[in-house]
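K.L.:
If you read the sequences in order, they're chains A and Y.
Numbers 1 to 229, taken from the working numbering, label the letters of the first sequence in order.
Numbers 1 to 229, taken from the working numbering, label the letters of the second sequence in order.
Calculated directly from the structure, the hints in this document are not laboratory data.
The structure presented is a predicted model; accordingly, all values stated were derived computationally and were not measured.
Keep in mind that a hint or two might mislead.
For chains that are exact copies, the list does not tell them apart, and a pair is met inside one copy or across any two.
[Unchecked claim] When the alpha-carbon atoms are kept at most 20 Å apart in a straight line, the in silico SDA-like pairs for lysine to any residue are as follows: (1) K146 x E135; (2) K60 x D29; (3) K218 x T179; (4) K146 x A134; (5) K60 x V90; (6) K146 x S35; (7) K218 x V90; (8) K146 x P177; (9) K218 x E132; (10) K218 x E88; (11) K218 x M171; (12) K218 x E140.
Number of protein chains: 2
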Amino acid sequence: MNVLYVVGVGPGDPELITVKALRLVQEADVVAGFSTVLEVVRKHVRGQVLPLTYRDQEEKLGQLAEAASRGMRCVLCAWGDPSVSAQELVERVQRVYPWVEIVAGVSSLAVACARVGAALEESLFISLHRREGAERAFQELVYALKQGHRHVFVFPRPYDLMPAQIAQRLMAEEIPPETRVVVLERLGLPEERVLSLSLGALTRCDTLSDLTILFFPKEDEGGYGDGQC
Amino acid sequence: MNVLYVVGVGPGDPELITVKALRLVQEADVVAGFSTVLEVVRKHVRGQVLPLTYRDQEEKLGQLAEAASRGMRCVLCAWGDPSVSAQELVERVQRVYPWVEIVAGVSSLAVACARVGAALEESLFISLHRREGAERAFQELVYALKQGHRHVFVFPRPYDLMPAQIAQRLMAEEIPPETRVVVLERLGLPEERVLSLSLGALTRCDTLSDLTILFFPKEDEGGYGDGQC
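Here chain A stands alone, though its shape is the one from the complex:
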C-alpha cells in the first residue's frame, strides 16, 4: 500500500529543512498541513496544496487519505520534528490511513538546546500544549523544578497557559519568584528574541508571541544576563 508521509519541515528557518523533506514535498501530488507550516515549503510544492484548519482537519485528513489510497503521493507537513508536540496530529492521520511513515526533522527544541547550550540528555521536555494530560504535565513541571536534576524546556499553551500565566501558577506552587527563566521567542525566525529574567518578572510579560519556549536551567549559572520584556 502507498505510504503517506508525515514530514517535519523544521522550526521555521527555511534552511533547517532536511534534503529528504524537501524532496518529498517536491515529488508529492498533494501536500497538506496547517497554513503557517505550509508557508515554509510552499515555494517547493509542485502538486496540489491542501491547507488544514483546526475546524476542518478531520475532513481534510479524510481527503488526504482518500488521495493516498488512490495511489497519489501524499505528504502531511508538521512543524519541526513530528515526534515533538505533533502526536495528536499523527494519531488523527493514523486513524484514517494506517500506512504512515514519519520523517524526522529538526525540532525547535533542538534549536533551543543550541541557543542556551543545553544537552538533551540533561534536559526534560514538557509540553502544556495538548488537549489531554496538560494538568498532569504541569504537575510534572512543578516536581522537576523542585528537584532541579535536569534543565527543563516548556512549551506553553496559546489560549490559557502563556508564559505569564505559567509563571503565576508556578509561584502559587511555591517556586521562588527569583527563579531564573529564559524566554526563547520565535526561534529560527527573523524576529527571534532571547530574554533572561526572573519568574517574578515573567508574570508581567503579556505581549509574548505564541511561538515561545521557556527554559529553566538546572543550575543558575548566571550567564544569561538579566532582562525585562
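We have chain A already, so just place chain Y on it with the hints.
P.N.:
Chain Y in isolation, oriented as in the chain A frame:
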C-alpha cells in the same frame, strides 16, 4: 570575529542532513570531524578535510581554531544534532575558540521516536556514553524504569555498557526480566534493524552494533512483537 560552526549532519542517512548543514560544508575552507561522521558529508566538501581521532582531537581542534582565527571558514561536523551526546566535543572546541555557533540537526533520537511512535514530551533520554556522570545517569535510568511515567531512550557506552551489560545491571537492580525493551540498531543506515525482546533475552545479545539505542516503552502496549537477536 569569525564564527566556527558546529554542525549536526543527521543520523547517517545522507538525506536527513539539513540544507543549512550542506551549504556550510560546501562553503567551508576546512571541514573537521571524526572520520565516521565525515563520511556522511565527504562528497560535499570542497575545502580541506581535517579528520579527528580520540587521541589527537585536542591538537586538531587547536589547528581548526587557528584556521578560524586566520579568517578561514571552518566547520566541525557532529553526528545527528550537536545537543545530543556531543556536549563534551562542543565544550572542547569552546575552550580553544569561543565564537562557536551550533547548527541544529536531526538526531538519531528523533528517528528513534519516529520508528517506535513515541512523543518526545512523553520520553526521557539518558546517555551512558559519557566520560563523567555515567553512574549517576545509570541510577536515573533505574529510577525512571521503576517509576514508569515516561518512555525511556538509552544510549549505551561502547566499551563497557553495551546493551547486554545494561540488561544484566538492570536485572541486578530488580528491574524484572520480562520488561519489554526495543533495540534500535544502526538507525537510518542501510543495515537498520529493530528488535523487540525481553530484558532477560537482551542479556544474551552480545553481537549488537555499537550504533544502538535502547527503548523502554512506559507501558507495555504489546505492539512490538517478540524477538531474539
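K.L.:
Check the structure against each numbered hint from earlier and tell me which ones fail, lowest number first.
P.N.:
Violated: hint 6 alone.
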